Amino acid sequence: MSKEKLLKIQNLSVAFTKNQVTTPIFSGLSFDIYQGETVCLVGESGSGKSVTAKAIMQLLPTETASYPEGEIWFNGRNLLALHEQEMERIRGDQIAMVFQDALSALNPVYTIGTQMVDLIRLHSKEKVSKRQALEQAQQLLEQVDIRHADEVVKQYPFQLSGGMRQRVMIAMALSTRPRLLIADEPTTALDVTVQSNILKLIRQLKQQYDMTIMFITHDLGVVYEMADRVLVLRQGELVEAGTRDDIFTRPSHAYTKQLLNSMPRIYYQEQTPGAKP
Amino acid sequence: MEQTLLEVSHLNKIYKRKGGPDFSAVKDVSFTLAQGETLGIVGESGSGKTTVAKMVAGMLPATSGSLVLNGQAMESRRSKDMKRNIQYIFQDPVSSLNPRLKIKDILAEPLKLYFNLRGEALNSRINELLDDVGIPQSYRDRYPKELSGGQCQRIGIARALAAEPSIMVCDEPTSALDMTIQSQILELLQELQRSRGFSYIFIAHGLEVIYTISNRVLVMKQGEVVETGATAQVFHSPEHPYTQTLIQSIPKIELPYFEY
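Top line first, the protein sequences correspond to chains A and B. Residue numbers for the first sequence follow this note's numbering, beginning at 78 and rising by one. Residue numbers for the second sequence follow this note's numbering, beginning at -11 and rising by one.
No wet-lab data here; the hints were simulated from the structure. Hints are not guaranteed to be accurate.
Computed spacing ranges between beta-carbons, pair by pair [what the hints assert, rightly or not]:
{"hint": "1", "chain 1": "A", "residue 1": "185", "chain 2": "B", "residue 2": "22", "range": "46 to 56 Å"}
{"hint": "2", "chain 1": "B", "residue 1": "106", "chain 2": "A", "residue 2": "326", "range": "54 to 64 Å"}
{"hint": "3", "chain 1": "A", "residue 1": "82", "chain 2": "B", "residue 2": "12", "range": "52 to 62 Å"}
{"hint": "4", "chain 1": "B", "residue 1": "15", "chain 2": "A", "residue 2": "145", "range": "55 to 65 Å"}
{"hint": "5", "chain 1": "B", "residue 1": "152", "chain 2": "A", "residue 2": "277", "range": "40 to 50 Å"}
{"hint": "6", "chain 1": "A", "residue 1": "180", "chain 2": "B", "residue 2": "7", "range": "50 to 60 Å"}
{"hint": "7", "chain 1": "A", "residue 1": "312", "chain 2": "B", "residue 2": "229", "range": "43 to 53 Å"}
{"hint": "8", "chain 1": "A", "residue 1": "201", "chain 2": "B", "residue 2": "136", "range": "39 to 49 Å"}
To be clear about the criterion: a stretch of chain A counts as covered by chain B if any three or more of its residues have a C-beta under 8 Å from a C-beta of chain B, and this derived list gives those stretches [to be verified]:
{"hint": "9", "segment": "156 to 162"}
{"hint": "10", "segment": "296 to 309"}
It should be emphasised that the depicted structure is a prediction, and the values quoted were computed from it without experimental measurement. Don't be surprised by glycine CBs; every beta carbon is placed ideally from N, CA and C.
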């Protein structure tokens, strides 16, 4: 793993304003993500995981969200200082995001093919015809192990299963060959067998595309399978950061320990179900 | 674990479809539940877990099959006492409470219905129930929206407790909750089982939760039971290929157990 910093969050504060009342969500958040690593953000609801992801993507509602302090450096540029047009080029092109709920993230009234063609043509450097774009779309779908891609492009999101929709989302995210993939609870709504396939797919594509991944989840089993490094958030505060093995074997913060103790586990050594050994 | 409390045999649920073949949501499911036992039901979405649970609780009529509680067959129209005996805890703790009732009124409903409690007796029983689930008595005048998700689930448990059932059907009671809250709710359910001797039918798609809480496990796939057995046996040496796939899919933390 090269030690080049791809993302640097420095002293970031986010606040929401509603009815002229400003509520700080978090302040002074700092962390780095290095090129090529998978970093997992863990924490409970309200810890600021998703807000952090959306702040990086600049997807927080502009009417209410503000950034009183801090910088988000990506690839040498401060995303908070960019114009919306410049940000639009980075978003999707260089940083892509996969959401938890693929059904509501996809447009219900267009076919999968139409949505993918639009995306490919929008982000492509040179001119691409609709037919070429459709071919590319099918190739991408095949890469995420969707068989009958020629059928799937003609279908609407509601016609696909949850696992298939999540694969479509990943295919769309990959269409621009992003350097950073932000995955916000991508497998939380899925069955375990489907989850295991999707996680395998993400790991394999990461290798293939040399991507950096920021993975948000509350499932510590998933964290153990995916992470090189782990960041533990609690109420907008980074309480602990470390390598996966450090966090799982030598957690230092009391909250991390509480989180690890509260996780239901299957013991492969001790065989006493129903009670803690 | 003593005598059989509930015996379910050849339970079926078939939905008629217009212009197509009928759909069997549950096919020939049989199992027993002993006094004080926790039976976990696992399976993917659409496998029929919740349909079985609802038929057991009498919330959904079975197409065919029999349910015998304490040696007595349960008809499709159940007696009040049979209804009281099987209580249900829902997945969504907030929407399963009436938003327009105060906590005390939510808990008063089963107490009035089943035990005809009124006045001071009702009041003190409500306080007892709140104590049982670890909610301060001062919350009795609040509305569900003023409580957190975990607190709402505690009220849902208190409401089930109020009926003094022998069986509690828990349908994904912790999947809407944060992990630290989940472990508190699971501990509460286990503690209530130890002190009151309930039997649980416990549904969860989180296999780790099922492993933690169940004595026996029923594995369902597309409406059928594919495997059943003691928890340790099913998890450590699954026999059916589907169960094997399921167990292999669980994200593994390959570390020995220790308290952090």
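Taking the hints in turn, this is what the structure says about them:
Restraint check, residue 185(A) to residue 22(B): a C-beta distance of roughly 48 Å satisfies the suggested window 46 to 56 Å. The beta-carbon spacing between residue 106(B) and residue 326(A), approximately 58 Å, falls within the hinted interval of 54 to 64 Å. Range check, residue 82(A) to residue 12(B): about 56 Å between beta-carbon atoms, so the 52 to 62 Å window is met. The given range of 55 to 65 Å is respected by residue 15(B) and residue 145(A), whose C-beta atoms sit roughly 59 Å from each other.
Hint check: residue 152(B) to residue 277(A), Cβ distance near 48 Å, so the stated range 40 to 50 Å holds. Take residue 180(A) and residue 7(B): their Cβ atoms lie about 27 Å apart, and the range 50 to 60 Å is violated. Between residue 312(A) and residue 229(B) the CB atoms are about 45 Å apart, so this pair conforms to the stated range of 43 to 53 Å. In this structure the supplied range 39 to 49 Å holds for residue 201(A) paired with residue 136(B), their Cβ-Cβ distance being about 47 Å.
For a cut-off of 8 Å, the count of residues in the segment 156 to 162 of chain A with a CB near a CB of chain B stands at 0, and the three-residue condition is violated. Figure legend: the segment 296 to 309 of chain A, annotated as covered by chain B; annotation consistent (6 residues with Cβ-Cβ distances under 8 Å, at least 3 required).
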